[in-house]
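S.K.: Listed below are the residues making up each chain.
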Amino acid sequence: MRTTAIEVRVGSDDFDVQAEYDALCSHNTDDGAVVFFVGRVRDLNEGEAVHGLHLEHYPGMTESVLQHLAEQAAGRWPLNRVRVVHRVGDLHPADQIVFVGVSSPHRQAAFDGAAFLMDVLKTEAPFWKKETGPDGTSRWLDARQSDTTLAERWR
Amino acid sequence: MSEPVQVKFFARLREELGVSSLNIPAEEVPDLDALLDWLVKAHPQWQPALQGKLMTAVNQNMTSSNATLLPGDEVALFPPVTGG
Chain A
1 MRTTAIEVRV GSDDFDVQAE YDALCSHNTD DGAVVFFVGR VRDLNEGEAV HGLHLEHYPG
61 MTESVLQHLA EQAAGRWPLN RVRVVHRVGD LHPADQIVFV GVSSPHRQAA FDGAAFLMDV
121 LKTEAPFWKK ETGPDGTSRW LDARQSDTTL AERWR
Chain B
156 MSEPVQVKFF ARLREELGVS SLNIPAEEVP DLDALLDWLV KAHPQWQPAL QGKLMTAVNQ
216 NMTSSNATLL PGDEVALFPP VTGG
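Chains A and B, in that order, are what the protein sequence lines are.
So for the first sequence, my numbering puts the first residue at 1; every next one is plus one.
So for the second sequence, my numbering puts the first residue at 156; every next one is plus one.
Since the hints were derived computationally from the structure, they do not count as laboratory data.
The reader is advised that the hints may include incorrect statements.
Unchecked claim - Below, simulated DSS-like cross-link-like pairs (lysine-lysine); rule was C-alpha separation at most 27 Å, straight line:
#: 1; chain 1: B; residue 1: LYS163; chain 2: A; residue 2: LYS130
#: 2; chain 1: B; residue 1: LYS208; chain 2: A; residue 2: LYS130
#: 3; chain 1: B; residue 1: LYS196; chain 2: B; residue 2: LYS208
Let's have the full structure, built from the sequences with the hints guiding it.
M.R.: This is the structure:
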């Protein structure tokens, strides 16, 4: 029985991609594949200039949903390590938002496990984005059908 | 008197309603449908916001059916999520 090491963090602090990668790899000779994804703030979204991004979440539920998704991924693919880091609070263009990383003996499991985690995180984890434009006005983002479609392919 | 049902609102919905949480006597809201009826009855001006596309969680688990509610339950209503 495989035991997957899972780490989930939600908070306002930035993360260090090298440190996250190292945590997937250190003292790990079982895994030949590491796949990670980093989501960042863009300065343009749906044709609108973005000066700031506020991320709200549901404390408590957020962490348990991410933990549950990581466990689902670990049950579905042979992943030895899974790390999910998501920031909340006030961010700006080029800031990092999310890190999802997995390690596995094999690359296809690593690709699929990481893609699954990102796709399902986007439709099930209780985070909400509010963008601020150049004139200081802000607007909540609407969920996208394309994200729902991507998540549904894993059902 | 039994523990109330606590209702939390997030993001755009929280701003539209102007409140982040409230308590309802558990005996008045036996399930989620009754809870929504209770909210609209108590706050008719909330009806448009509550009729929008919303997600629901009971005790921090997403639910899509008309779940039964018990004293002390935590219900959350919020717009479709947009993280990642």
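S.K.: Determine for every hint whether it applies to the structure shown.
M.R.: A quick look at each hint next to the structure:
Taken as a hint, the LYS163 (chain B) and LYS130 (chain A) pair is honoured in the structure, with Cα atoms around 19 Å apart against an allowance of 27 Å. At most 27 Å may separate the alpha-carbon atoms for a hinted pair to count; LYS208 (chain B) and LYS130 (chain A) meet this at roughly 17 Å. As the CA atoms of LYS196 (chain B) and LYS208 (chain B) are separated by approximately 19 Å, the hinted pair is consistent with the 27 Å bound.
Violated hints are absent here; each numbered hint is respected by the structure.
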